[in-house]
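Chain residues, written in single-letter form:
Protein chains: 6
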Amino acid sequence: MRKGIHHHKVGESVDAYLLIKTGKKGIASNGKPFLNLQLTDKTGELEAKLWGISSEDEATFVSGSIVHIQGEVQDFRGMRQLKIKTIRPTTGMDQVKPDDFLPSAPRNKDEMLEEVTQYIFDMKNAKIQRLTRHLFKKHQKEFAVSPAATKNHHEFVSGLLYHVVSMLQLSKNIASLYPTLDTDLLYAGVILHDMAKVRELSGPMGTQYTTPGKLIGHISMMVTEIDEAAKELAIEGEEVLVLQHMVLSHHSKGEWGSPKPPLIREAEMLHMIDNIDAKMNMMDRVLDRVIPGEFSERAFALENRSFYKPTFHEPPIDL
Amino acid sequence: MRKGIHHHKVGESVDAYLLIKTGKKGIASNGKPFLNLQLTDKTGELEAKLWGISSEDEATFVSGSIVHIQGEVQDFRGMRQLKIKTIRPTTGMDQVKPDDFLPSAPRNKDEMLEEVTQYIFDMKNAKIQRLTRHLFKKHQKEFAVSPAATKNHHEFVSGLLYHVVSMLQLSKNIASLYPTLDTDLLYAGVILHDMAKVRELSGPMGTQYTTPGKLIGHISMMVTEIDEAAKELAIEGEEVLVLQHMVLSHHSKGEWGSPKPPLIREAEMLHMIDNIDAKMNMMDRVLDRVIPGEFSERAFALENRSFYKPTFHEPPIDL
Amino acid sequence: MRKGIHHHKVGESVDAYLLIKTGKKGIASNGKPFLNLQLTDKTGELEAKLWGISSEDEATFVSGSIVHIQGEVQDFRGMRQLKIKTIRPTTGMDQVKPDDFLPSAPRNKDEMLEEVTQYIFDMKNAKIQRLTRHLFKKHQKEFAVSPAATKNHHEFVSGLLYHVVSMLQLSKNIASLYPTLDTDLLYAGVILHDMAKVRELSGPMGTQYTTPGKLIGHISMMVTEIDEAAKELAIEGEEVLVLQHMVLSHHSKGEWGSPKPPLIREAEMLHMIDNIDAKMNMMDRVLDRVIPGEFSERAFALENRSFYKPTFHEPPIDL
Amino acid sequence: MRKGIHHHKVGESVDAYLLIKTGKKGIASNGKPFLNLQLTDKTGELEAKLWGISSEDEATFVSGSIVHIQGEVQDFRGMRQLKIKTIRPTTGMDQVKPDDFLPSAPRNKDEMLEEVTQYIFDMKNAKIQRLTRHLFKKHQKEFAVSPAATKNHHEFVSGLLYHVVSMLQLSKNIASLYPTLDTDLLYAGVILHDMAKVRELSGPMGTQYTTPGKLIGHISMMVTEIDEAAKELAIEGEEVLVLQHMVLSHHSKGEWGSPKPPLIREAEMLHMIDNIDAKMNMMDRVLDRVIPGEFSERAFALENRSFYKPTFHEPPIDL
Amino acid sequence: MRKGIHHHKVGESVDAYLLIKTGKKGIASNGKPFLNLQLTDKTGELEAKLWGISSEDEATFVSGSIVHIQGEVQDFRGMRQLKIKTIRPTTGMDQVKPDDFLPSAPRNKDEMLEEVTQYIFDMKNAKIQRLTRHLFKKHQKEFAVSPAATKNHHEFVSGLLYHVVSMLQLSKNIASLYPTLDTDLLYAGVILHDMAKVRELSGPMGTQYTTPGKLIGHISMMVTEIDEAAKELAIEGEEVLVLQHMVLSHHSKGEWGSPKPPLIREAEMLHMIDNIDAKMNMMDRVLDRVIPGEFSERAFALENRSFYKPTFHEPPIDL
Amino acid sequence: MRKGIHHHKVGESVDAYLLIKTGKKGIASNGKPFLNLQLTDKTGELEAKLWGISSEDEATFVSGSIVHIQGEVQDFRGMRQLKIKTIRPTTGMDQVKPDDFLPSAPRNKDEMLEEVTQYIFDMKNAKIQRLTRHLFKKHQKEFAVSPAATKNHHEFVSGLLYHVVSMLQLSKNIASLYPTLDTDLLYAGVILHDMAKVRELSGPMGTQYTTPGKLIGHISMMVTEIDEAAKELAIEGEEVLVLQHMVLSHHSKGEWGSPKPPLIREAEMLHMIDNIDAKMNMMDRVLDRVIPGEFSERAFALENRSFYKPTFHEPPIDL
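Chains as they are written, first to last, in UniProt numbering: chain A, 1 to 319; chain Y, 1 to 319; chain U, 1 to 319; chain S, 1 to 319; chain B, 1 to 319; chain X, 1 to 319.
A portion of the hints provided could be inaccurate.
Same chains, same names: a pair is fine if it fits in one copy or spans any two.
What the hints assert, rightly or not - Only pairs whose alpha carbons sit at most 30 Å apart, straight line, appear in this in silico BS3-like list of lysine-lysine: (1) Lys138 with Lys172; (2) Lys138 with Lys32; (3) Lys214 with Lys172; (4) Lys9 with Lys214; (5) Lys25 with Lys49; (6) Lys279 with Lys253; (7) Lys49 with Lys231; (8) Lys214 with Lys124; (9) Lys97 with Lys83; (10) Lys279 with Lys32; (11) Lys32 with Lys3; (12) Lys137 with Lys231; (13) Lys231 with Lys141; (14) Lys279 with Lys137; (15) Lys172 with Lys109; (16) Lys3 with Lys25; (17) Lys124 with Lys137; (18) Lys97 with Lys231.
Quick caveat, the hints were computed from the structure, so don't treat them as lab data.
Next comes chain A alone, as it looks inside the complex (with noise of 0.2 Å):
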């Protein structure tokens, strides 16, 4: 498996060990029933759909199993689909397992943990400090292998944590141009405003929102938090304040889940900088497969535009 099936163009054959991420059970238009598989390995994933099932093979590939496929993509509706032709489960023998098999950061996340302490060692403001510190102590387990999001963007293990090291590095870059920032409440705010999403999903693998999730969402839930880490390390002084509305008002309007908007100059970066971020890594993603001279697939969370690439910029390396 030299090359993951992000990378495979329709009509090529696939000869691969992919994980099951998700198998539903589907009735055809014949009455026969199949199983939708989507399948993954870490350059991304493929749909498949395995057809004439029997009882045994709807138990056997089954989410979170590894499978060894034969098969060619092909084109559904403009969607790359694996066309599958030989499937069998794996054992022991084949010395394969899903850590393997899930998407992740390209950093190690050991670095990155480091670089976030860097960042946190620096700061001059002893309570922004104390308070990022103990916040990041506290959930730095999850933090370390917790996605950005289900989808979209930074949705691979570690995504939360690149993307708060991206963010910190963007941050350093922009303010050395504006001195009016206070950079122990731009970097803490990067770190803290996400942080709940620790919570807010379930995890690196099948990751999904929780019921807190939904209900009350990683905003409400780390304004929460601040408070109770003041509480507890007896900070008082209205940087605990000014973190909690950093934290509310990242996403910057009432439509898109913050209460307040950002009132503070750092908070407004804070929300740019995000953006910045998050749009990179999506165009980034839509494109990368894309040859000069054309247009994406439409990107949803891009308000549906399909980007074009250039003639006189790079062809992608493995197309």
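Model the placement of chains Y, U, S, B and X on the given structure of chain A, informed by the hints.
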């Protein structure tokens, strides 16, 4: 002062004690200083301009002081305005005190507190009951006098409590028709939904938004308080989450300040009951000086509508 | 048929008489014709596909006919669907008739008609009373069986009457708390607001919009009817105009079909009461098969929300 | 009075008879009463302030009276305003009467009535013809003098009739290019669409909305009138319904007052023709005093646009 | 082939030459490949599926080829679909050519070009005339055959020219009623407004948006072309700017693609005339197969409305 | 004049040379003429009224003249206003010139021009480089002094250049983190995006929109200029089209003036960078006179928000 200033029509003369709610200095177009006074008694407010003031006047006629005024109500661009003929500060001799001049709820506050207590007492779900009672006790003192808003509806002493009691009665009368409703949840939601207004607003006199009120808002404050109360009382279980959701969603939409829409039956009902009580309060207000057969002033908070009083309805008692 | 089809879960087998609500011919991807059947009993509806049909089947299994079916409930893209094992038409021998299969209001229609009559009887304003009684008598027969809509809420036999009776009770319970409300106006508004649905909709069986329903709509139809009734009864006075306004404005906003917003206190209340009863009916519906701790399907008419049933609430009786 | 007040530029002096359209008392910032006069002649309107008034002045210079004024046009915050030097009431000796001062349509009203009659006469569908003629006769007297609005466009004596006649000509010229259009329907729609403005508005002098106009509106009034006319004339058939739909839908969208959008070809065309004639009337108005190479004042009813007159266009005749 | 495919009803058989507009391979739920064919003749389009295809079929039945088909029109989810019984490619023997199968304007293109030339000839403003003539000559060849769009309205051979000629006639007929309109400007605006569609679209066969069409659009392209033409012809004066503005603003609003709203009387009129001609074309289209007394399919580009054909109107000739 | 007028608080006296930016005559409510002066120095603006003026005053105190004023800053409806005690025109003796009074960028313009030149010099794509250099040279003189807007942000001498240089630095710092970005495109987009503001605006003194600015706008102007420059330089290739697209789309949405949304990665980034620099400039402005612990005035161009300066931030230097 038998007839309050709310009831004086254009052309009538006024001879009354009034409280100066706000007094702002301005410069007339002839270059002379004047005071723009917002005067109030229990029935309402009236604007007045005090022309040609000395610096002594400026020091005397300040917010919070009670004055004796003789004058006449005039029309100024469609608004009533008091033309001052004589004005003097009051002394101990006048035997008047600010409390007599602040508009307040039409019911006795202790009676209302008692009524809320009874609703809590009748709850069957012990977790909901303990949480609600704990938070009610915690804020009871400020809750008893706080207005529910700075303007539009229930913006008077004990306005918040009056609004809550009306909503409890409404909840009871509506829930009696829809047996699927969980009245413990609904009553608790009503009691808690606006409770953090005691922190969002600065209190009954010269009510303004506090800094935490502007940066965080009563909804997010209360979600945090519920969490902290549950921890303090060692209450676990989904009741805590559900009560937080009810508070969080009671404005119904993101653009109205709720980060989540109501996703529980009782949360949706809480929003509708809040809406009914606020609208009835506002409509009664805009219509109470309107003569049958005429339209009211436009009410900004009621989508800028001008309401009609049918000719076959009663005229206002004091007109 | 002890348990209605609304209550069958995926995987359960079905052996029941069912009414074919609609039957549409389609062509399968193998080129063979099939029938897409919408099946109904008093508890709800279920889709089924009948594969490989003959032209005789096509002529037999038509809208309005009752069939006996054996099969199993399956999941099709998240929706329940009935897989048919055997199907046969019924004859006189089966002793079944269409009325037994149409969902209808949970209360007896004559009792409900009696209740409306009592509300009219109690009115004090003779003009309002005569107008309301006249129009109620005129449409009473269709009013007694008409649904209130083609979908979303109260879309069953006598749904309109059931909705009106619920709203009358709600009006009474709410008005008891707000003494400024004119109950004659409010009750008359409730009784008349949707009355022209008997002309906008085609009746209780296979309910559709009529051509006048699509081109004019029940709101404008009823405004005209009130005018004509007043002329017929020689009633003059503003009551006629005000009742027309209440009907005209009860959808509250232009984009929801009301050319004028409510400009009278009772008109605003009518809109809010209509809203409460419709929403309670819809929420009860989407939640009634949901297991505690789970979220419902998305409800399009409730802003596409998915509602949650708390774990401490009761499970559905039949699950 | 050779040149009307609409054509006086800032800096020019005025010596003319003018009608007081409205006169409102105000209080100046020095505490003295003044009158805010809206003055009019056939060409337009001008505001003026009369300072330092006595109570006798107040009783003399009232709405509907004609005065003789000498003064000068000045600029007040970008608006023209008349600075009064002398003002006196008129008597029989002045030989002036209100009719001479009201702006009115540029065509003779009897000629226009005759033209409408001819369009009706030429209709081929007898039902449409009889209904239209009946309603036209019924309202002819008020129709002949009614304005089409209180402001924005055609807000002058016979403005409604002038608007209808222009639209009839426009209909004829457009329909000659689209043979699928039913001209009987289109002409009838034009004649009836705004007819109930004779009831929605209070007439040509000091035009205001009536109470039924505010609570019901001309669209719903006319739908009712068509129904009643059809009953009176014993006309049956879909023509009645279709004409009602055309009136109902002519504002095109719910938020503009039409409970149904146009669903018939001729209804859509009616809306577009109404739009063209109203916009041309408004644009001609805002541009008629603009010098080539300059932008007009902002026109609120034209989406607040400021229109440009190209340098190669003609200057206004009287500038 | 006496009756075009646009006029075939469900159930009718078809025996005709048809052009394959597009042919896309799909995989049926039984795993077999099929072709999804979009077939066209001068009257319209019809979809068909060709099941069980060989790789030879795939190579034969490609876009742009003409086939002979026997089959039957069926209903597929409310859409007409052709069920193919026999299909064969055509040869020289069949004496058919693609031009015979492309829908095109109902008028002769040379006649229409002549008509446009006459409008230009009659212009009085020499600058406007020279600019318009120059650009018309430059693009005349493509202009003569280009469609006006890829779908919705005037999407046929010479559709752009036909739309422009209709708009010129409309302009003349409307301008005759509003003497303030500058017809030179208006006619030039009509001729130029969509001219750059010859570059935005790929031409009359298999019409698609070009890359410059997607990245820049016809409006901005044309603004540039006018500037360049003026430089080439050494034309100075505000006419150039005003014509650019007319093209720029003809979509009326930012969200519809115009960076400036119409700020000149003739620009507003251009927008309204464009609107009338497009809507009439679309409504005629959706209604031309509708039987009197029925509603059309929903038309997405007409705000998703379903139009009604009154019972007293003519049925379609060929039904 | 050590401390600029931007920094004077209410109550402070002023003794300074100031430039009259605009002077408009008005009529006071006592009928006397006055001048409404907009006064400016390098730090900001202040309004003043000059009462009881003679016609000589009117001729003396005109836009563009420098005056010496003694007075006091007062509060007028929440805005600072200068109360004039003495005012006199200046002569050569005063040794003051307009340039000293116009607010301008905080950096030297030649230095900034040099910096832009360096960015162009470093470009690797020769087509992009030549186009950008050509257009930069063409407009360099006006570019060096033009403001970026008439209000809101960068509305000072050399504001456009200062905005572009800040954005170039921001581009460099951000692009260093996202290697997929084409910096040639991004830098060229930054340099060109607002270049046509030199034609849209009337220049640095008394900045207004020009007629072409209002009718066409800087975006469309620049798209044309790029096309013409490419023709002049005989540059072909997609770079021309892509640069036009970047300029065209940099306002991101139709309702904000861009006929196409960004469809290329660098175009999206250009929009975000423009946004960051404009917002930082605006926020710094509204906050720079705010005392820690207080909220700023509402900023219309920042969604009418009122920004907060935390108590733990620095107070303004000069307060």
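Against the structure, the hints come out as follows:
1. Lys138 with Lys172: within (25 Å within a copy, 36 Å between copies)
2. Lys138 with Lys32: For lysine 138 and lysine 32, neither the intra-copy (51 Å) nor the inter-copy (55 Å) Cα distance is at most 30 Å.
3. Lys214 with Lys172: Classified as between: cross-chain Cα gap 29 Å, same-chain 33 Å, threshold 30 Å.
4. Lys9 with Lys214: Result: close only across copies, 25 Å inter versus 37 Å intra.
5. Lys25 with Lys49: both (10 Å within a copy, 17 Å between copies)
6. Lys279 with Lys253: Close inside one copy (17 Å) and across copies (16 Å); limit 30 Å.
7. Lys49 with Lys231: neither (54 Å within a copy, 49 Å between copies)
8. Lys214 with Lys124: between (36 Å within a copy, 27 Å between copies)
9. Lys97 with Lys83: Result: close within a single copy only, 24 Å intra versus 38 Å inter.
10. Lys279 with Lys32: neither (43 Å within a copy, 40 Å between copies)
11. Lys32 with Lys3: between (34 Å within a copy, 28 Å between copies)
12. Lys137 with Lys231: Answer is both: 16 Å inside a copy and 21 Å across each meet the 30 Å cutoff.
13. Lys231 with Lys141: Answer is both; intra-copy 23 Å and inter-copy 23 Å each pass.
14. Lys279 with Lys137: within (29 Å within a copy, 34 Å between copies)
15. Lys172 with Lys109: both (20 Å within a copy, 27 Å between copies)
16. Lys3 with Lys25: This pair counts as both: shortest intra-copy Cα distance 29 Å, inter-copy 26 Å.
17. Lys124 with Lys137: For lysine 124 and lysine 137, the Cα distance is within 30 Å only inside one copy (19 Å; across copies 40 Å).
18. Lys97 with Lys231: The answer is neither: 43 Å in one copy and 40 Å across copies each exceed 30 Å.
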